[in-house]
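Undergrad: Those protein sequence lines, which keep their order, are chains A and B. Quick note, the first sequence lines up with residues 28 to 333 if you use our numbering. Quick note, the second sequence lines up with residues 28 to 333 if you use our numbering.
Mixed in with the good hints there might be a few duds.
In this list, chains with the same sequence are indistinguishable; a pair is considered to hold if it fits within one copy or across any two.
Calculated cross-link-like contacts (lysine to any residue; reagent style SDA-like; alpha-carbon spacing at most 25 Å) [what the hints assert, rightly or not]:
id : residue 1 : residue 2
1  : K119      : A81
2  : K119      : N84
3  : K119      : I321
4  : K241      : T147
5  : K119      : I51
6  : K265      : F204
7  : K242      : A125
8  : K242      : T147
9  : K119      : A152
10 : K119      : G52
11 : K167      : E61
12 : K242      : S149
13 : K167      : G63
14 : K119      : R40
15 : K242      : A121
16 : K167      : D151
17 : K242      : Q118
18 : K241      : Q175
19 : K119      : D39
20 : K265      : G250
Derived by calculation from the structure, the hints in this document are not laboratory data. Predicted, not measured: the structure shown is a model, and the values here were computed from it.
The chain contents come next:
2 protein chains.
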Amino acid sequence: VDEFELINRFFDRPVTTPGVVTGIGDDGAVLEPEPGRDQVQVIDSLVEGVHFPADSNAADIGYRAVAVNLSDIAAMGARPRWMTLALTLPQKDAQWLADFADGLFEAAAEFDVALVGGDTTSGDAVVATVHMTGEVEEGKALLRSGAQVGDTIFVTGTVGDAAAGLDLLRRGVHDNFLINRVLRPSARIDMGCSLVGRASAAIDVSDGLIGDLKKLLDASGVGGELDVERVPMSDAVKSCFDEADRIGFALTGGDDYELCFTATPDAVEGIADITAVGRITDGNELVCRQDGDIVEYEDSGYRHFQ
Amino acid sequence: VDEFELINRFFDRPVTTPGVVTGIGDDGAVLEPEPGRDQVQVIDSLVEGVHFPADSNAADIGYRAVAVNLSDIAAMGARPRWMTLALTLPQKDAQWLADFADGLFEAAAEFDVALVGGDTTSGDAVVATVHMTGEVEEGKALLRSGAQVGDTIFVTGTVGDAAAGLDLLRRGVHDNFLINRVLRPSARIDMGCSLVGRASAAIDVSDGLIGDLKKLLDASGVGGELDVERVPMSDAVKSCFDEADRIGFALTGGDDYELCFTATPDAVEGIADITAVGRITDGNELVCRQDGDIVEYEDSGYRHFQ
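Excised from the complex, chain A in its bound form:
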């Protein structure tokens, strides 16, 4: 099932309801309850056996369920305010729930997000769905659709860490910076807010840099060039993996929850921890260049645990 295709085919119908500024198709919806301040709403599920192994630490699941939604809020340039939780679970002991709640509240506390409602249901596998509401100044939400020809493509932080961490986890390695990056991702809320009024388009890197950048290009109706050798990677990934592996992780691995955005270099001068990795062109494709040559990378999309 291809999420994008599904949503487009069956759920993206014309909206005539008042107050809907941006509906389906971005990292979040932009809503205008009343003039002056826009609201951003996002929803994301983590499914046992798909987004985390069945034997995962409950606190990590709770933390991550919040973090992935925070990342969508960040990609919209909004500040998170409230969230609700729908939790489907088999019989779990009290310790599991206490740990899950601890992880959830730990992630929420970092940005003072309140849990304001919930629904628990029984089911064979754990499904944790968080809905989050954020706020942003009217008309200022960062959309995927604003990239302009000539803009520079930037990435925050380093990418590929989470996919590398997942690879280590699968091989039984623990206690590593890279593993922390996949289990406890940090959403780029402050960065997203800094980019408001400066970036022309933004998306969070949840499905892999190439896949997510392509979505941004499609939404903006432009093409792009990505300079592979400029893609920022951590020292940790460089020390654990050879070049071919780490480039694969960085370009097609998911779960990094960094931001990919477009802007003119002037607009983002002085913002730390961002790297220029390419440029927007007037085509309609993404071209990857490595040391001068055009290279092809398969867009593997989300890396399932199972």
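Let chain A serve as the given structure and place chain B on it in line with the hints.
TA: Just chain B now, kept in the frame of chain A:
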């Protein structure tokens, strides 16, 4: 797993975040993005094999996923505006998805609710989680906690129809008014709005009249008396089931999505389709009376399909 106990134990922590008027513990959260108008947010999941049989009609599942959330919005006296969908599903064919979407949009169109976002994930069983946002005048949301000693207890429409319909479904009966009541419940949005400023407390009857009324009494810190012979039942349920069965359906069956509320009789004069079924007392228990005798009914709670 008892939902109520779970939520109280692990998720209902003190909220200090600005803008949260009412958090966990009611039919929905009441939020104040800015002064003047409050927002109500609710979230509810339907799980395959628990809330609907695995072979259910996809359009019915889609319809019901929206309706159960509309009912929570109604119980708060709010008007629904926007919703998001998180859909976990195994490989389903396009026809299933098209049907699901049709049912979902049909229910949404009845109250002009826009689908503004979504997330689809793969999993072994279908889980459809809808989050809905509604609006209500500042400070006017109907809470569970406002019932006063001496208030009358009312129920809208008729109760027990859904549990009766489920019983018929299990016995292979189709094409019946009662079955439509369980597959296509009608949320009492207009009723909820009519009760704003008139009812002292309200809850929707999703888990059974006795169970839900007890929640309202607990939240209000009061007791109540229920006159069993006054509980409104449809002609359909009367014609298909004997008295013992239909009283069981009406008192402990779930899924009716009617409203149970408290008010003085004067306050709700002129409102049609409501029935006085009891009164609020200064105790802390619910007493059921039938033809003058005190009777005990087991609070069976939600009727699982499995």
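Undergrad: None of the hints should be skipped; say for each whether it holds.
TA: Results of checking the hints against the structure:
In this homomeric assembly, K119 and A81 come within 25 Å of each other (Cα to Cα) both inside a single copy, at 12 Å, and across copies, at 23 Å. For a Cα distance limit of 25 Å, the shortest separation of K119 from N84 inside one copy, 13 Å, qualifies, whereas the shortest one across copies, 30 Å, does not. Taking identical chains as interchangeable, the C-alpha atoms of K119 and I321 are never at most 25 Å apart, the minima being 51 Å within one chain and 38 Å between chains. In the homo-oligomer, the alpha carbons of K241 and T147 lie at most 25 Å apart only across protomers (19 Å), although the nearest pairing inside one protomer, at 36 Å, exceeds that limit.
In this homomeric assembly, K119 and I51 come within 25 Å of each other (Cα to Cα) only across copies, at 21 Å, whereas the closest approach inside a single copy is 34 Å. In this homomeric assembly, K265 and F204 come within 25 Å of each other (Cα to Cα) only inside a single copy, at 12 Å, whereas the closest approach across copies is 66 Å. Proximity of K242 and A125 under a CA criterion of 25 Å is satisfied inter-copy only: 24 Å between copies versus 38 Å inside one chain copy. In this homomeric assembly, K242 and T147 come within 25 Å of each other (Cα to Cα) only across copies, at 16 Å, whereas the closest approach inside a single copy is 33 Å.
In the homo-oligomer, the alpha carbons of K119 and A152 lie at most 25 Å apart both inside one protomer (11 Å) and across protomers (18 Å), since each shortest distance falls under that limit. In this assembly of identical chains, K119 and G52 lie within 25 Å of each other by CA distance solely across copies; the values are 22 Å between and 35 Å within a copy. Proximity of K167 and E61 under a CA criterion of 25 Å is satisfied in both settings, with 15 Å inside one chain copy and 18 Å between copies. Within a single copy, K242 and S149 get their C-alpha atoms only as close as 35 Å, which misses the 25 Å cut-off; across copies the closest is 20 Å, which meets it.
With identical chains, the CA atoms of K167 and G63 are at most 25 Å apart both within one copy (11 Å) and between copies (23 Å). With identical chains, the CA atoms of K119 and R40 are at most 25 Å apart between copies only, with a shortest distance of 20 Å across copies and 39 Å within one. With identical chains, the CA atoms of K242 and A121 are at most 25 Å apart between copies only, with a shortest distance of 23 Å across copies and 41 Å within one. Neither within a single protomer nor between protomers do K167 and D151 lie at most 25 Å apart by alpha-carbon distance, with minima of 42 Å and 39 Å respectively.
Taking the closest pair of Cα atoms, K242 and Q118 come within 25 Å of each other only across two copies (23 Å); inside a single copy the shortest separation is 39 Å, beyond that limit. For a Cα distance limit of 25 Å, the shortest separation of K241 from Q175 inside one copy, 14 Å, qualifies, whereas the shortest one across copies, 59 Å, does not. In this assembly of identical chains, K119 and D39 lie within 25 Å of each other by CA distance solely across copies; the values are 18 Å between and 36 Å within a copy. Taking CA atoms no more than 25 Å apart as the test, K265 paired with G250 passes in neither setting, with 29 Å inside one copy and 66 Å between copies.
Checked against the numbered hints above, the structure violates hints 3, 16 and 20; every other hint is satisfied.
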